[in-house]
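> Spelled out from the first residue to the last, the chains are:
Protein chains: 2
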Amino acid sequence: MTAQLLDGRALSSAMRKELDAEIAAIKAELGVTPKIAVVRAGEDPASVSYANAIQRTCELRKLAFEMHALPEEVGEAELLSRVVRLNEDPGVHGIMIQEPLPKGIRAEVITDALSPAKDIDGVHPANTGRLAQAEPVGRSAGVSDFFVPATPAGGLELLKRHGVALNGKLAVIVGRSRIVGKPMAMLLLRENATVILCHSRTADLPAICRQADILCAAVGRAKMITADWVKPGAVVVDFGVNFQNEVMVGDVDFEGVQEVASMITPVPGGTGPMTNVMLLKNLLEAARRQGQK
Amino acid sequence: MTAQLLDGRALSSAMRKELDAEIAAIKAELGVTPKIAVVRAGEDPASVSYANAIQRTCELRKLAFEMHALPEEVGEAELLSRVVRLNEDPGVHGIMIQEPLPKGIRAEVITDALSPAKDIDGVHPANTGRLAQAEPVGRSAGVSDFFVPATPAGGLELLKRHGVALNGKLAVIVGRSRIVGKPMAMLLLRENATVILCHSRTADLPAICRQADILCAAVGRAKMITADWVKPGAVVVDFGVNFQNEVMVGDVDFEGVQEVASMITPVPGGTGPMTNVMLLKNLLEAARRQGQK
Chain S
33 MTAQLLDGRA LSSAMRKELD AEIAAIKAEL GVTPKIAVVR AGEDPASVSY
83 ANAIQRTCEL RKLAFEMHAL PEEVGEAELL SRVVRLNEDP GVHGIMIQEP
133 LPKGIRAEVI TDALSPAKDI DGVHPANTGR LAQAEPVGRS AGVSDFFVPA
183 TPAGGLELLK RHGVALNGKL AVIVGRSRIV GKPMAMLLLR ENATVILCHS
233 RTADLPAICR QADILCAAVG RAKMITADWV KPGAVVVDFG VNFQNEVMVG
283 DVDFEGVQEV ASMITPVPGG TGPMTNVMLL KNLLEAARRQ GQK
Chain Y
33 MTAQLLDGRA LSSAMRKELD AEIAAIKAEL GVTPKIAVVR AGEDPASVSY
83 ANAIQRTCEL RKLAFEMHAL PEEVGEAELL SRVVRLNEDP GVHGIMIQEP
133 LPKGIRAEVI TDALSPAKDI DGVHPANTGR LAQAEPVGRS AGVSDFFVPA
183 TPAGGLELLK RHGVALNGKL AVIVGRSRIV GKPMAMLLLR ENATVILCHS
233 RTADLPAICR QADILCAAVG RAKMITADWV KPGAVVVDFG VNFQNEVMVG
283 DVDFEGVQEV ASMITPVPGG TGPMTNVMLL KNLLEAARRQ GQK
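Order-wise, the sequence lines are chains S and Y.
Sequence positions in the first sequence follow our numbering and run 33 to 325.
Sequence positions in the second sequence follow our numbering and run 33 to 325.
Simulated from the structure, these hints should not be mistaken for laboratory data.
Every residue gets a Cβ at the ideal spot worked out from N, C-alpha and C, and that includes glycine.
Treat each hint with caution, since some may be false.
To be verified - Derived contacts from chain Y toward chain S, CB cut-off under 7 Å, selection only:
id, residue
1, Lys-135
2, Thr-160
3, Ala-164
4, Ser-209
5, Ile-211
What the hints assert, rightly or not - Estimated spans, in silico, between C-beta atoms of each pair:
id, chain 1, residue 1, chain 2, residue 2, range
6, Y, Gly-170, S, Asn-199, 28 to 38 Å
7, S, Pro-238, Y, Gly-63, 39 to 49 Å
8, S, Glu-287, Y, Val-169, 33 to 43 Å
9, S, Arg-138, Y, Ala-53, 41 to 51 Å
10, Y, Gly-123, S, Gly-123, 39 to 49 Å
11, S, Ala-78, Y, Glu-75, 54 to 64 Å
12, Y, Lys-94, S, Gly-252, 26 to 36 Å
13, Y, Asn-274, S, Lys-59, 48 to 58 Å
14, Y, Arg-193, S, Leu-62, 49 to 59 Å
What the hints assert, rightly or not - Chain S stretches covered by chain Y per the calculated footprint, using a threshold of three residues with CB under 8 Å from any CB of chain Y:
id, region
15, 172-178
16, 204-216
17, 282-295
Let the sequences and hints guide you as you build the complete structure.
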């Protein structure tokens with residue numbers, strides 16, 4: 033058996049068409065062009081490259097974009113005041129603060145200062161907390177509106193759009209990062225999956241992974257999860273981005289695991305392309321909420 | 033074998049002595065008496081009784097206390113303005129808003145209005161989010177100061193003060209409430225346990241529970257967890273409060289399970305007495321943080 037691909041390129045491409053329709057609707061109904069402001073400090077190459085990618089995406093989708101590129105020497109107070117100014121600017125609907133921040137700047141102070149309503153990357157503690165507090169889907173969430181980090185949101189979208197049953201299923205998440213593993217756990221819990229959160233201290237990780245109906249990898253170790261870790265017929269979601277001999281590979285040994293799993297995300301072309309589209313989806317949601325106040 | 037008791041009465045009594053010393057230290061060093069304000073609306077008997085219990089505890093410990101008992105007919109706006117006033121009152125260090133709130137008042141609006149710095153019950157989304165984002169203990173937390181809900185904090189304290197090893201252990205939590213199950217999962221994850229979150233949709237719950245090194249019950253179903261669900265030597269923490277023929281019982285069938293477990297919390301006298309003492313601990317922490325600003 034060869035697993036069905038959870039094809040993030042195809043799905044993100046389809047979703048971009050949906051987003052274009054929503055962008056047009058927002059412009060028509062609310063008379064605004066959704067705008068994202070990206071704040072970065074210093075010249076970390078990955079951060080610069082990601083900020084530029086967001087800018088290109090916005091240009092393609094005819095969304096408004098502001099780059100706030102601050103020097104490495106920017107102080108915490110100056111960065112804070114920039115964030116506060118963007119919070120207050122009614123023309124800006126979503127704000128993304130790129131990490132890493134320069135040494136000496138406390139990331140938590142900057143994140144706390146962000147308006148949760150504009151935090152389309154879902155990094156403010158209030159957004160993390162609302163996701164964690166929210167009731168299962170299908171009931172009233174019981175919390176104020178919130179944003180989910182784009183990467184796990186994209187993984188969930190891939191599962192749901194491919195009709196993967198989640199209710200009562202056993203989901204194993206390998207990796208407990210605040211931007212992928214932990215929010216993915218909360219998302220799957222809301223879908224009524226039973227969730228196991230694993231990490232570097234987990235005893236007998238392969239045996240736990242073999243129980244999974246849905247196996248999510250977000251550790252950052254190339255091809256760590258091999259076919260013998262996977263239950264036949266499991267659905268495998270790979271959030272890993274690693275490089276081996278300049279080739280991008282995931283946390284899952286795709287070649288082997290695709291022979292065991294029923295569905296699997298490729299790397300590249302799986303969860304990666306979904307992240308960008310989910311970030312835009314959050315931006316449009318932010319613009320709608322702010323426009324409807 | 034009969035399990036060792038995780039005796040919440042004994043531990044909370046010992047901790048009250050520690051708290052008394054800390055109260056005296058705060059009065060001497062900061063020149064303030066820590067004060068809690070309890071806000072309730074309507075006459076829900078459980079809510080009235082809990083508020084009165086907090087008041088008695090404060091009197092015994094010579095802490096300051098304010099009861100804000102509002103009528104059932106109070107509107108959302110009036111309740112909000114009361115919360116804002118307490119946020120701004122420098123004499124009030126901790127605020128607890130009792131649920132249930134009267135119909136027509138959106139609990140999430142009131143909770144969101146609470147100052148996270150005075151939210152000693154750990155219900156504000158920012159506190160929930162900081163707990164969820166925090167790095168494992170022993171590293172820098174990487175988040176601003178936060179408060180943990182008293183009930184799961186008390187369960188963890190019972191485990192730690194009895195020397196229960198958590199690092200790398202498998203913890204199973206039955207129940208995904210926002211005040212017990214989910215924060216307990218995050219607390220145990222920070223202690224490097226592997227965590228399984230189970231709930232009403234979980235398939236083959238007994239088999240999952242039998243894997244647990246540490247089994248936490250927070251479902252609200254009398255004696256649901258029986259001896260055959262428990263691995264010999266497991267540590268069992270029972271957060272359940274149920275009544276059978278007017279007798280208080282937990283979610284765990286204590287009589288049977290104590291023959292299998294290595295340690296177990298009794299009900300009553302286990303996690304219950306810890307809640308009150310952890311709430312006071314949070315109050316003192318709040319007073320210190322506010323006094324040191």
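> List, from low to high, the hint numbers that the structure doesn't satisfy.
The structure breaks hints 1, 4, 5, 7, 9, 12 and 17; every other hint is satisfied.
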